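**Q** Sequence lines, in order, name chains A and B. For the first sequence, the numbering used here gives the first residue as 213, with consecutive numbering after it. For the second sequence, the numbering used here gives the first residue as 29, with consecutive numbering after it.
Hints in this document: simulated from the structure, not taken from any laboratory. For clarity, every value in this text was computed on a predicted model and none was experimentally measured. We treat Cβ as the ideally placed atom computed from N, Cα and C, and that holds for glycine. Hints should not be assumed to be uniformly reliable.
Calculated cross-link-like contacts (lysine-lysine; reagent style DSSO-like; alpha-carbon spacing at most 30 angstroms) [to be verified]: (1) Lys384(B) to Lys249(A); (2) Lys384(B) to Lys265(A); (3) Lys210(B) to Lys160(B).
So the derived list for chain A, only partly shown, Cβ under 7 angstroms to chain B, looks like this [stated by the list, open to error]: (4) Trp221; (5) Asp241; (6) Tyr245.
Derived Cβ-Cβ restraints for the label pairs, each shown as a range [what the hints assert, rightly or not]: (7) Gly44(B) to Thr253(A): 44 to 54 angstroms; (8) Glu276(A) to Asn404(B): 20 to 30 angstroms; (9) Ala76(B) to Glu242(A): 42 to 52 angstroms; (10) Met257(A) to Ile113(B): 27 to 37 angstroms; (11) Glu69(B) to Arg269(A): 51 to 61 angstroms.
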Amino acid sequence: MAQVLRVDWPSCEARGLCHEVLPELVDLDEWGYPIVKGPVTKELMDHAKEAVKVCPRLALRIVEGR
Amino acid sequence: MTTTYLAPTITREEDGRPASPVPAPKEVDVRPGPALLNGIEHGPSLAAHRAQYGPIPHLDSKQLHALVKRVQMRGRGGAAFPFAIKLETVLKGSRPILVVNMSEGELASAKDHALALTRPHLVLDGVVATAKALRSRKVHVVLPGERPAAAAAMKRAIAERRDGVNIYTTTAASRFVAGQAKAVVELLSGRPNLPATSWAPEAVKGLKGRPTLLSNGETWARVGLLVLRGAEEYMSIGTPEEPGATLLTMNMPGSVPIVFEAAYGDRLRDYIPQDRHGLPAMVGGFHGAWATWETLASARVSVNKMRAMGNALGAGLVLSSPECPVTLTARTVEYLAGQSAQRCGPCFNGLPALAKEVTAVHDGHGGLERIEQLANLVVRRGACAHPDGTVRLVNSMLSTFAHEVEAHAKGGCTLKHGSRKLVGDSFNRILEVA
Numbered sequence: 213m214a215q216v217l218r219v220d221w222p223s224c225e226a227r228g229l230c231h232e233v234l235p236e237l238v239d240l241d242e243w244g245y246p247i248v249k250g251p252v253t254k255e256l257m258d259h260a261k262e263a264v265k266v267c268p269r270l271a272l273r274i275v276e277g278r
Numbered sequence: 029m030t031t032t033y034l035a036p037t038i039t040r041e042e043d044g045r046p047a048s049p050v051p052a053p054k055e056v057d058v059r060p061g062p063a064l065l066n067g068i069e070h071g072p073s074l075a076a077h078r079a080q081y082g083p084i085p086h087l088d089s090k091q092l093h094a095l096v097k098r099v100q101m102r103g104r105g106g107a108a109f110p111f112a113i114k115l116e117t118v119l120k121g122s123r124p125i126l127v128v129n130m131s132e133g134e135l136a137s138a139k140d141h142a143l144a145l146t147r148p149h150l151v152l153d154g155v156v157a158t159a160k161a162l163r164s165r166k167v168h169v170v171l172p173g174e175r176p177a178a179a180a181a182m183k184r185a186i187a188e189r190r191d192g193v194n195i196y197t198t199t200a201a202s203r204f205v206a207g208q209a210k211a212v213v214e215l216l217s218g219r220p221n222l223p224a225t226s227w228a229p230e231a232v233k234g235l236k237g238r239p240t241l242l243s244n245g246e247t248w249a250r251v252g253l254l255v256l257r258g259a260e261e262y263m264s265i266g267t268p269e270e271p272g273a274t275l276l277t278m279n280m281p282g283s284v285p286i287v288f289e290a291a292y293g294d295r296l297r298d299y300i301p302q303d304r305h306g307l308p309a310m311v312g313g314f315h316g317a318w319a320t321w322e323t324l325a326s327a328r329v330s331v332n333k334m335r336a337m338g339n340a341l342g343a344g345l346v347l348s349s350p351e352c353p354v355t356l357t358a359r360t361v362e363y364l365a366g367q368s369a370q371r372c373g374p375c376f377n378g379l380p381a382l383a384k385e386v387t388a389v390h391d392g393h394g395g396l397e398r399i400e401q402l403a404n405l406v407v408r409r410g411a412c413a414h415p416d417g418t419v420r421l422v423n424s425m426l427s428t429f430a431h432e433v434e435a436h437a438k439g440g441c442t443l444k445h446g447s448r449k450l451v452g453d454s455f456n457r458i459l460e461v462a
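So here's chain A without its partners, still in its complex pose (with noise of 0.2 angstroms):
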């Protein structure tokens, strides 16, 4: 099983930190919201563990799955 990104999407509230932390793996929708585009490969961890910290309502997790 691959390493994902998950967003608690009743807590994210589109400030988007985590498209400016990780663009490779993260877009943006039309709102604002994150667009998770693939899992998280070894070269990108360190960026997306960045990402999960610097989220301000703590709503993304690295997580098992597909």
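Could you slot chain B onto chain A? The hints should help.
**A** Just chain B now, kept in the frame of chain A:
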């Protein structure tokens, strides 16, 4: 061809949200059936119930598991999840909490409503027998917020019982998404009755972090019948692949909904009243899919076979209306958008935008590309599957009634928004002409 349009009529609740295209049923026409609904003429009392079924035999968790596994019991809430797997999962933890979810937030459905009125003690026997087998002392029964007669009937039945199991009742909020499993756990935790992010299945970590076995009323009633009557009798109807029977709600807006019990493998058309033959129907409810009459006519009451046909039996709801399916879909999507819990951004932004676009398609100027774009933006991007179900309905409308959608784009609804009463197969002929 007419170019005059009638906008889909959206009636609104006091709070401004679009009302359900089908109101909560005030009464239900429950027909006798081969299993759960056998003997309903004797009334819903505990005395009548015990006279028919006798006392609950004692089972341990192994025996219960063997029984549900043998009859391939599946949940009747829509997803048809194998009950034995849920049971195995909660058995890995200790003293699970049991929940009977009778909230039936899908207002067009009336099957758990019907069970509350006619068979409350089968539902309760199912959960009480399971509680005893699992040495669990706490049972929660979640009552529907919009069906006072059903809620009162369950309360009356619970008051009649002395099982040595504590049965608590809670009333669900009046909202389409209130019956979603995680939303029910939220309600029982004392928080708003709305979906929240579920990081683990309820059977692993549910109420108060404990394993929670949550199923709807019909599933518990099937467990009750199985425990009382045994596997042989349970499997005496249905097919080898899908033994037993299942409840169907036949909803024809404007009339009292009818609840039937069909054996798996029966022809679906035999449960659709003659005067509706020839009409398409929404199968599986507002999160379900449209089916043409040809599909309905050849369909069997079967989870597997209907899945193979691209439809889903869901919670057993068949909604038949002579109204133009594009109009009914537009009204339904407006309602579903208003039923968002307003918690997840893609849902509370995306569903109203989707509703607006479907209404625009109905009015002949909507863009199908925009619908596809919005569908991609809402699917799997929320705490619950409300956006996914809404998109499923819209997509099935587009694929099932491509001709009709095209007719709307050209400026004319072939059905004149339901002003024409459809009889027999006229609907299909009209579509061919269009």
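**Q** Confirm or reject each hint.
**A** Against the structure, the hints:
1. Between the alpha carbons of Lys384(B) and Lys249(A) the distance comes to roughly 27 angstroms, so the proposed pair stays at or under 30 angstroms and holds.
2. Pair hint Lys384(B) plus Lys265(A) does not hold up; C-alpha atoms about 37 angstroms apart against a cutoff of 30 angstroms.
3. Using a Cα cut-off of 30 angstroms, the hinted pair Lys210(B) and Lys160(B) holds, with the two alpha carbons roughly 24 angstroms apart.
4. At about 4 angstroms, the closest approach between the beta carbon of Trp221(A) and any beta carbon in chain B falls short of 7 angstroms, and the interface hint on this residue holds.
5. Hint status for Asp241(A): holds, given a least beta-carbon distance of 5 angstroms to chain B, under 7 angstroms.
6. The beta carbon of Tyr245(A) comes within 4 angstroms of a beta carbon in chain B, closer than 7 angstroms, and the hint placing it at the interface holds.
7. The hinted range of 44 to 54 angstroms is satisfied by Gly44(B) and Thr253(A), whose Cβ atoms lie roughly 46 angstroms apart.
8. Look at Glu276(A) against Asn404(B): about 25 angstroms separates their beta carbons, and that is inside 20 to 30 angstroms.
9. In this structure, Ala76(B) and Glu242(A) break the distance hint of 42 to 52 angstroms, their C-beta atoms being roughly 59 angstroms apart.
10. Restraint check, Met257(A) to Ile113(B): a C-beta distance of roughly 33 angstroms satisfies the suggested window 27 to 37 angstroms.
11. A beta carbon spacing of about 57 angstroms between Glu69(B) and Arg269(A) agrees with the range 51 to 61 angstroms that was offered as a hint.
The structure does not agree with the numbered hints 2 and 9 stated previously, though it agrees with the rest.
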